[in-house]
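Trainee: The residues making up each chain are set out below.
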Amino acid sequence: MNYSQIPLMGKLRTPTMTYTFQVGLASVFLWFMIPCALAQTPNTCLDCHSALDAPLNVNATEFSASIHAQKEVTCVSCHGGDPNSPDDAMNTKAGFKGKITRKQIPELCGKCHSDAAYMRQYNPSLRTDQLVQYHTSVHGKKLDAGDTKVAVCTDCHTVHDIRPSSDIRSSVNPLNIATTCSHCHADASYMRPYGIKTTQFSDYGKSVHHEAMAERGDLSAPTCTTCHGNHGAAPPGVASVKNVCSTCHVFQSQLFETSPHKAAFGAAGLPGCVTCHSNHQIEHPSDVMVSAGEHSICTTCHTDGEPGLKTAAEIHTQLSDLQTRIARSKEILDRAAESGMEVGQAQLDLIQATDALTKARVSVHSFRAAVVAKETVSGTAVTEKTYQAGLQALRERNYRRVGLSISLLVIGATLIGLRFYIREIER
Amino acid sequence: MSPAAQIQTWLDERFGWAELIAPLKKKTVPHHHLSYWYFLGGMTLFLFIIQVTTGILLLLYYRPSANEAFESVQYINTQVRFGWLVRSIHSWSANLMIFTAFAHMFSVLFLRAYRKPRELTWVSGAILLLLAFGFGFSGYLLPWNTLAFFATKVGTEVAGQVPIIGPWIMVFLRGGPDVTGATLTRFFGFHVAVLPGITTVLLGLHIALVQRFGISVPPQVENEWSRSPQQRREIKFFPNFALRELMAWYVVLGVLGVLAALFPWGLGTKADAFAPAPAGIKPEWYFLFAFQTLKLIPAKVAHIDGEVLGVLAFGAAGLLWVLLPFVEPKRKAGGYRAVLLCGVIALAYIGSMTVYGYVAK
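If you read the sequences in order, they're chains A and B. For the first sequence, our numbering begins at 1 and goes up steadily by one. For the second sequence, our numbering begins at 1 and goes up steadily by one.
Keep in mind the hints are simulated off the structure, nothing from the lab. For glycine and all other residues, C-beta sits at the position ideal for the given N, C-alpha and C. One or more hints might be untrue.
[Claimed, not checked] From the structure, some residues in chain B lie toward chain A, with a derived Cβ separation under 7 Å:
{"#": "1", "residue": "N77"}
{"#": "2", "residue": "G181"}
{"#": "3", "residue": "M247"}
{"#": "4", "residue": "A248"}
{"#": "5", "residue": "Y250"}
{"#": "6", "residue": "P264"}
Construct all of the structure, not just a fragment, from the sequences and the given hints.
Mentor: Laid out in structure tokens, this is it:
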């Protein structure tokens, strides 16, 4: 019998077992214990620890719901000891390790999670480079340097009720990651020794990314780990910001690469995207951001009369004009539709203008008025066509009403005539 | 000799025209304070004629296939000169026709015009109303829009609840297990060929029976006239009654014009078999009372499937309704009171369940 084939036994128990004991145990296991084990797995650890007070308390319900318990990874897998014997449960001779120190945690978790062959039997698609990545992270580096206040595995994944990240109750589910990170990063006193801000979580809460995630339920929207990495978490450097954003905002990144800002930002040592959009509090971009007006972002660097500000004003005019035209077409088509006119095709066409506006807003990242105009011109043509369709529909509606009025007059006159005629012939 | 007189002479020499129209010249119609209810039948006939006329015009452009039906109706609505008007009048007159047919039926019931010898006039009229439902159900799908698609799906599912033959009826109506282009082609066939053929024959019979037996006088008027014969009054069918009917038709035309011009019939979005059914989907108003009832019946009633029970109950009620003149209790006053009570309950039930169906989510 090869005990290494039994989950965890080969990993954690074999060194302490003699060959005779292994054979004996295997026999008992095969012929007698399997039915019993299937019926109930004794766990003396939980018997006591579920009754103890904090910090020694383990919630039996939470633990049994954890991914580890479900995969039959029990207390002994991490803490050692013999859960089948109350006497030897905490016997160091039975491999009992007791409380795992924070320093030991990454290596302990990595013992299984870095073993590709071992993890394959549970989840072949699960990555096994977490430990390696962790040691490249700010957290890992500081831990290696002896700082045990930094995050280790259990800080983010919790200790005994670890759930898969796909579980909405998991602390590392995309919906919960920001809150999990905020436990430390929003704690001013905890962060003080590191000299980093603690506004990231509140800033993120106001961002368009958070809105997409929390309000629209879009789990693909960015959260902390999307930009910073998870196990290898670190702030992206100035040079890397653009690369991080471009994983989602591909076209914006490509346009920025060919824009005049690319060289200018590089020379000034400014990070690409965040210079205009900020980092955690990335709000809904608006057309006024690119203008020469009060809420312009461009005026942060450009002054009046500069060609850059003139371009910004020109781009703003193009975008505003298209947006106004779309609103005008929509209003007239809605009015026609409410009057019962069939304007479905025009309403469908107007979507092309909205698409053109979206493309124009993306092409703003070229910072060239001509590139933006390419999109706004096509959108403007659509709005003109749809506006005319709306006007035509309203003219048609009025024509119908006039026709109806004339018809009703004729019908009314005929009815009066008939009434008089009947009276006449019955007199 | 005037041209009209010349034509009359020409017809008379060949077909005996004067002899043919002689009964019409002699025909009289009772005239009393309830005579206005007589116009409902003629109004329904007028709306049916409009249906046929506008239906033929729509046929010039309509294409009965899943790929083209919606687009062809859209084309009629937007590109064909007065196409919107023809379609809108067709749709509105269909609804008005069912309304006037309902009103006609209840007026006949409350005025007791179904009595001997007019039993078959009632039966043919009741079947004509069912045929009108058939026209409504089959025509509703033809624009191939989302609402029509899912309404047909629900409607044919209800037909499938009929015990034993239900599944067969459903497959027959759909032209397969699901509502597809085959259903559209089939419904088109029902709508423009099968139903008009049957309706024309039955309508001819209904009108012939009305002509044969004349217009019924309500019992209360008959009693009054018996007590004081000097009150009895009749008017000539032509021109006196015909002109009054013409006035009613003009009123209908005016109402139809207002509805068609101010509330043109919408088209919606093209049907997509893979899209989810729109929330709160409801059938046309004349099916709403039955739909709402089926929704309210519990899933199981004494081990019987609720929907099956509902369909069977409606089937039995419909059959009783059609055969009313034959199943009416024979006790003179008591029998009438029972029918009157049934009529009032039926009207109140249909009205209240329709309103409930509209407001219910």
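Trainee: A separate judgement is required for each hint: does it hold in the structure or not?
Mentor: Here's how the hints hold up against the structure:
1. N77: 4 Å, holds
2. G181: Nearest chain A Cβ about 21 Å off; hint violated.
3. M247: Where the cut-off is 7 Å and the nearest Cβ of chain A is about 5 Å from M247(B), the hint holds.
4. A248: 10 Å, violated
5. Y250: Interface hint status for Y250(B): holds (5 Å vs cutoff 7 Å).
6. P264: 4 Å, holds
Violated hints, in rising order: 2 and 4; the structure is consistent with all others.
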